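*Asks:* Take these sequences, add in the hints, and give me the full structure.
Taken in order, these protein sequences are the chains called A and B. Take the first sequence: its position 263, counting from 1, is numbered 263 in full-length UniProt numbering, and each next residue is one higher. Take the second sequence: its position 190, counting from 1, is numbered 190 in full-length UniProt numbering, and each next residue is one higher.
These aren't lab readings, by the way, just hints derived from the structure by calculation. The structure presented is a predicted model; accordingly, all values stated were derived computationally and were not measured. Even glycine gets a Cβ: it sits at the ideal position worked out from N, Cα and C. Any given hint could be a false lead.
[Said to hold, decoys possible] Simulated restraints on C-beta separations: (1) B:G22 - A:R76: 51 to 59 Å; (2) A:P289 - B:G176: 31 to 39 Å; (3) A:A288 - B:G22: 31 to 39 Å; (4) B:P78 - A:R68: 56 to 64 Å.
[Claimed, not checked] A partial selection of chain A residues facing chain B, derived with a Cβ cut-off under 7 Å: (5) L26; (6) H33; (7) P263.
[Claimed, not checked] Where chain B lies over chain A, by a calculated footprint (3+ residues, C-beta under 8 Å): (8) 3-9; (9) 163-177; (10) 346-356.
Residue strings, one per chain:
There are 2 protein chains.
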Amino acid sequence: MGHRLADASTPARLAAPDEGIGRDELALATRNHGLPLEALRYDLTPPGLHYVLTHYDIPYVPEDEPWRLSIVGRVRHPLRLDLADLRTFPQVTTRVTLECAGNGRALLTPRPVSQPWLVEAVGTAEWTGVPLRLLLAEAGVEADAVDVVFTGADHGVERGVEQDYQRALPAAVATGSEPEVLVAYAMNGAPLPPQHGHPLRLVVPGWYGMAHVKWLRDITVTDVPFTGFQQAVAYRLRRHPEDEGEPVTRIAPRALLVPPGFPDFMSRARVVRPGPVTLEGRAWSGRAPVTRAEVSTDAGDTWQEAELAPDDGHRWAWRRWRCTWTATPGEYVLSARATDAEGHTQPLEQPWNRGGFANNLVQRVPVLCLDGDAAE
Amino acid sequence: MGHRLADASTPARLAAPDEGIGRDELALATRNHGLPLEALRYDLTPPGLHYVLTHYDIPYVPEDEPWRLSIVGRVRHPLRLDLADLRTFPQVTTRVTLECAGNGRALLTPRPVSQPWLVEAVGTAEWTGVPLRLLLAEAGVEADAVDVVFTGADHGVERGVEQDYQRALPAAVATGSEPEVLVAYAMNGAPLPPQHGHPLRLVVPGWYGMAHVKWLRDITVTDVPFTGFQQAVAYRLRRHPEDEGEPVTRIAPRALLVPPGFPDFMSRARVVRPGPVTLEGRAWSGRAPVTRAEVSTDAGDTWQEAELAPDDGHRWAWRRWRCTWTATPGEYVLSARATDAEGHTQPLEQPWNRGGFANNLVQRVPVLCLDGDAAE
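*Replies:* See below:
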């Protein structure tokens, strides 16, 4: 009759066929949120519109509470830095498109039961902070370093395992400059909002969100591979529970449309009137620069090339695209598709895995074009 | 074979018994979001944590686009004001707790199919703007005024009706000072974020969110009662579809707990260790000041008085409360209950209506207290 942690946790599972979204998934959906797709119009996503996923609770950090970042483990000079110390290092600002590894999960069949994203778990911001490689150089990483482990202040239990949120990067990535990993203290020029990691977070341009550890308080260099829950259990691409699986790392290409016209409140179906309609949106890839965006108005049977905005030098941020569609009365399914310089693109059939990770199925936007003389 | 607006809309309906949350409800839940309940710790909710409900799309208003507010209808001097004009009027800042009229809807049986809130559709901010009564006095309201209609820039269709979002206040409320209604241009000292109505919104302290029209562009004084969709069709308390129903107006009392301990990622169940646990939260009512907050650890069978924080003079904002619970190993359901100066309180049985509006059923927070020596 003991009361143990395992009693609070539910195991990983797949939804049954036709099983609606459950109370547990809804509880995640009401607290986390995606980018309302019309906000794809902003180059920089306003902080309250940027997607947010919090594994446990958002830590409450009073304004006057000191915050220390430890850099320890296989280093010659362990460091303990406050925010003023961090500001003595060179400062870098990078525009980064951040996407949740679970984006698209709720559209999969069968549906992995977890945060039920449709396609909206994305956002772009300018993050300012210290290059991680400079902090690690100051600490003096030992030659036998294998992984660098990042620990956040958010605390909870997941599948029976009590934990502070922790993720690692390979030492070569953490000390490298492609991408330039940041220990960030500002978002769009202001201190980090609570839900984005106040006061410090990691930013790993090109990688899915699980790598960008929020409320960062410890960096530990290890000489053995990190096997924590979020590295070895969660965030792996597996088809069967017993698979070892591949780790989730860089963001696969994706394009999203600004839904045209106006919506129905409840169905979210889109309505347009006949005539020229500008179709626009964003495309990104964490693997290589986006080189192509295409649009379909017939659910992917045929594709039209969209015009990519000129390269603005923001390698790690989404790129705007647009084209014109001449709408005539009828029902349509609009889609967009991104391709990157390495030839990665998006599938029309779902790329399925048990976690619903790194799934970049093309978006489907049902649109109704009204009769020209519709008086209703 | 016509293509009409009605084809994009779904009618109002109730979910079948045991019907899971649908794709349409999920599409609303992923774009709108509640207050993560741990953020009840903030006196003022950071903007990205404040609840958001958008009926249609968030209008995109470029920084340099001029915005005009019209004040027309039954007035002697119609006005057309830009933001600089508004700043020439006296400025008032009011701390307001704002709650969605549909808060709690997804917990009802049967469940009205709409935005599926659990209990988190709330937030508190300081809104700065011009008292509406001063603008109406400048325009000179005619003696036959009945309603004042507020029109936002968000456009969509709802149950077959294409519309800009519109709501009215009785002329006596709009020209009164209890509450002091504001045409607000700032939230917590900064320009309104896009999702909170940039650049202008109405703020009606004590009323549910549907009255606080965002992206406000027109105020029309009428000599007949306003019968627009959001006034006469939606936002009414009805038990049967054919009922005329009562309009939704002021916020019923509610108390919410900061969930104690730490959560399981998926179940959101809370875990605490044995010993003293501070239980704290907020209580509010739009009808009268909160005079009492109580806490139960046995699902409402017995109640303990909580200590209310001293009155801070913010009549329209939530009030903090706290008490201490000595947890022993076991399973609990925590609840909180608010009572206001007019004796309104919260029910233990659901107050049901077809829209799921103004429902202030007491919150239930399942908590597991671990064995003292739990080593897991």
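*Asks:* Hints first: check each against the structure and report whether it holds.
*Replies:* So, going through the hints one by one against the coordinates:
1. Restraint check, B:G22 to A:R76: a C-beta distance of roughly 58 Å satisfies the suggested window 51 to 59 Å.
2. Under the hint 31 to 39 Å, the C-beta atoms of A:P289 and B:G176, about 59 Å apart, miss the expected range.
3. Checked against the given bound of 31 to 39 Å, the beta carbons of A:A288 and B:G22, roughly 38 Å apart, stay inside it.
4. Here the CB-CB span from B:P78 to A:R68 is close to 60 Å, well matched to the stated 56 to 64 Å.
5. The beta carbon of A:L26 is positioned within 7 Å of a beta carbon in chain B (closest approach about 5 Å), and the interface hint is therefore held.
6. Checking A:H33 against chain B: minimum C-beta separation of about 3 Å stays under 7 Å; hint holds.
7. Satisfaction of the interface hint for A:P263 is found here, the shortest Cβ-Cβ separation to chain B being roughly 5 Å, below the 7 Å cut-off.
8. Check result for the stretch 3-9 of chain A against chain B: holds, 7 residues qualifying (beta carbon to beta carbon below 8 Å, three or more required).
9. Here's how the stretch 163-177 of chain A fares: 0 of its residues keep a CB closer than 8 Å to some CB of chain B, so the rule of at least three is not met and the hint is violated.
10. A count of 0 residues in the stretch 346-356 of chain A with a Cβ less than 8 Å from any Cβ of chain B is obtained; the coverage claim is therefore unmet, three being the minimum.
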